[in-house]
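> Fit chain P to the given chain X structure using the hints.
In case you want the letters, here they are:
There are 2 protein chains.
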Amino acid sequence: IPPINRDYNTRCQCLKVESRIIPPDNLKSIKLVTEGAHCPETEIIAGLVTGEKVCLNPRSAWVKKLVHFVLEKQLNQQNALPKNQA
Amino acid sequence: IPPINRDYNTRCQCLKVESRIIPPDNLKSIKLVTEGAHCPETEIIAGLVTGEKVCLNPRSAWVKKLVHFVLEKQLNQQNALPKNQA
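Residue numbers (my numbering), protein chains in the order written: chain X, 3 to 88; chain P, 3 to 88.
This is chain X alone, in the form it adopts within the complex (with noise of 0.2 Å):
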């Protein structure tokens, strides 16, 4: 597992980024940091239900069809769910 930086507020968190895939079941969040004076690249860490942080990279086409896969996966949700929202 990759190491994340603690200091992410001036510094990239992402170390290394994980190249294995991860499996949907084992994703419990997926966040998307964009580049700034902190790093020059957009950051994805993903939460998994072990409560394990692990980076992907983001130029990956399986890391971008993961987060489409949980985008979508709602959208499908849609007419399953009553609207509870406001």
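Hints are not guaranteed to be accurate.
[Claimed, not checked] Heads up, simulated SDA-like pairs for lysine to any residue below, C-alpha to C-alpha not over 25 Å straight-line: (1) X:K75 / P:G53; (2) X:K66 / P:I23; (3) X:K18 / X:E43; (4) X:K55 / X:A39; (5) P:K33 / X:I23; (6) P:K66 / X:D27; (7) P:K33 / P:V19; (8) P:K18 / P:K75; (9) P:K75 / P:P42; (10) P:K75 / P:G38; (11) X:K66 / P:T12; (12) X:K75 / P:H70; (13) X:K18 / P:H70; (14) X:K30 / X:I47; (15) P:K75 / X:E43; (16) P:K33 / X:T52; (17) X:K33 / X:I23; (18) X:K55 / X:L29; (19) X:K30 / P:F71; (20) X:K30 / P:K67; (21) P:K66 / X:T36; (22) P:K75 / X:I23; (23) X:K75 / P:G38; (24) P:K67 / X:I24; (25) P:K33 / X:G49; (26) X:K30 / P:S31; (27) X:K66 / P:K75; (28) X:K66 / P:P26; (29) X:K67 / X:Q15; (30) P:K55 / X:Q15; (31) P:K67 / P:P25; (32) P:K67 / X:W64; (33) X:K33 / X:G49.
[As the list claims (entries may be wrong)] Output of the computed footprint for chain P on chain X, the stretches with three or more beta carbons under 8 Å from beta carbons of chain P: (34) 35 to 47; (35) 64 to 75.
Bear in mind the hints are in silico, worked out from the structure with no lab data behind them. Ideal Cβ placement from N, Cα and C applies to all residues, glycine included.
Chain P in isolation, oriented as in the chain X frame:
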């Protein structure tokens, strides 16, 4: 700005979703939280450059576009930046 539930381990974090469009320049991060035992809906939480956090509607077309924008922005950097990652 809609409130965010602090008890995020056992309940939905988003009590309301922001309907106003967030300009990409105001966006620092965007987090997708998959649904699960704690919450029946996928939640999308945007971190703004001001430090505020707002919940977005995962069913909104512009929210999906915003996620894609962050992903594709990185893609466009692929040829512009030297590779400095493992």
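> Next step is simple, just say for each hint if it's right about the structure.
Outcome of the hint check:
The hinted pair formed by K75 of chain X and G53 of chain P fails the criterion: a straight-line CA distance of about 29 Å is larger than 25 Å. Our distance criterion of 25 Å between C-alpha atoms is met by K66 of chain X and I23 of chain P, whose separation comes to about 23 Å. Of the pairs offered as hints, the one joining K18 of chain X and E43 of chain X holds, with about 12 Å between alpha carbons and a cut-off of 25 Å not exceeded. Between the alpha carbons of K55 of chain X and A39 of chain X the distance comes to roughly 23 Å, so the proposed pair stays at or under 25 Å and holds.
Proposed proximity of K33 of chain P and I23 of chain X is supported: the alpha carbons are some 19 Å apart, at most 25 Å. Proposed proximity of K66 of chain P and D27 of chain X is supported: the alpha carbons are some 21 Å apart, at most 25 Å. A threshold of 25 Å between alpha carbons decides the hint, and for K33 of chain P with V19 of chain P the separation of about 14 Å falls inside it, so the pair holds. As the CA atoms of K18 of chain P and K75 of chain P are separated by approximately 28 Å, the hinted pair breaks the 25 Å bound.
Of the pairs offered as hints, the one joining K75 of chain P and P42 of chain P is violated, with about 31 Å between alpha carbons and a cut-off of 25 Å exceeded. Between K75 of chain P and G38 of chain P, the direct Cα distance comes to roughly 30 Å. Violation of the 25 Å bound is thereby established for this hinted pair. Distance check on the hinted pair: K66 of chain X and T12 of chain P sit about 28 Å apart at the alpha-carbon level, beyond 25 Å; violated. Using a Cα cut-off of 25 Å, the hinted pair K75 of chain X and H70 of chain P holds, with the two alpha carbons roughly 15 Å apart.
For the given pair, K18 of chain X sits about 23 Å from H70 of chain P by alpha-carbon distance, which is consistent with the 25 Å threshold. Under the criterion of a C-alpha separation no larger than 25 Å, the hint pairing K30 of chain X with I47 of chain X is consistent with the structure, at around 11 Å. Between the alpha carbons of K75 of chain P and E43 of chain X the distance comes to roughly 10 Å, so the proposed pair stays at or under 25 Å and holds. This hinted pair checks out: K33 of chain P and T52 of chain X have alpha carbons roughly 18 Å apart, not beyond 25 Å.
About 16 Å separates the Cα atoms of K33 of chain X and I23 of chain X, which keeps this hinted pair within 25 Å; it holds. At roughly 10 Å between alpha-carbon atoms, K55 of chain X and L29 of chain X fall within 25 Å of each other, so this suggested pair holds. Proposed proximity of K30 of chain X and F71 of chain P is supported: the alpha carbons are some 22 Å apart, at most 25 Å. As the CA atoms of K30 of chain X and K67 of chain P are separated by approximately 22 Å, the hinted pair is consistent with the 25 Å bound.
With a C-alpha separation of about 16 Å, the suggested pairing of K66 of chain P with T36 of chain X holds against the 25 Å cut-off. Distance hint between K75 of chain P and I23 of chain X is fulfilled; the C-alpha atoms sit about 22 Å from each other, no more than 25 Å. The straight-line distance between the Cα atoms of K75 of chain X and G38 of chain P is roughly 12 Å, inside the 25 Å bound, and the hint therefore holds. At roughly 23 Å between alpha-carbon atoms, K67 of chain P and I24 of chain X fall within 25 Å of each other, so this suggested pair holds.
The suggested pairing of K33 of chain P with G49 of chain X holds, with an alpha-carbon distance near 10 Å, which does not exceed 25 Å. Distance restraint check for K30 of chain X and S31 of chain P: the Cα-Cα separation of roughly 17 Å lies within the 25 Å cut-off, and the hinted pair is therefore satisfied. Taking the CA atoms of K66 of chain X and K75 of chain P, the gap is near 12 Å; set against the 25 Å cutoff, the hint holds. Simply put, K66 of chain X and P26 of chain P have alpha-carbon atoms about 18 Å apart, close enough for the 25 Å limit, and the pair holds.
For the proposed pair K67 of chain X and Q15 of chain X, the alpha carbon gap of about 22 Å is at most 25 Å, so the pair holds. Between K55 of chain P and Q15 of chain X the alpha-carbon distance is near 19 Å, which keeps this suggested pair within the 25 Å criterion. For the suggested pair K67 of chain P and P25 of chain P, the alpha carbons sit about 11 Å apart, so the restraint of at most 25 Å is met. For a cut-off of 25 Å, the pair hint linking K67 of chain P to W64 of chain X stands: about 18 Å separates their Cα positions.
The hinted pair formed by K33 of chain X and G49 of chain X meets the criterion: a straight-line CA distance of about 8 Å does not exceed 25 Å. Look at the stretch 35 to 47 of chain X against chain P: 7 of its residues bring a Cβ nearer than 8 Å to a Cβ of that chain, three or more, so the hint holds. Given a C-beta distance limit of less than 8 Å, the hint that chain P covers the stretch 64 to 75 of chain X holds, as 5 residues qualify and 3 suffice.
When the structure is compared with the earlier hints, violations turn up for hints 1, 8, 9, 10 and 11 and for no others.
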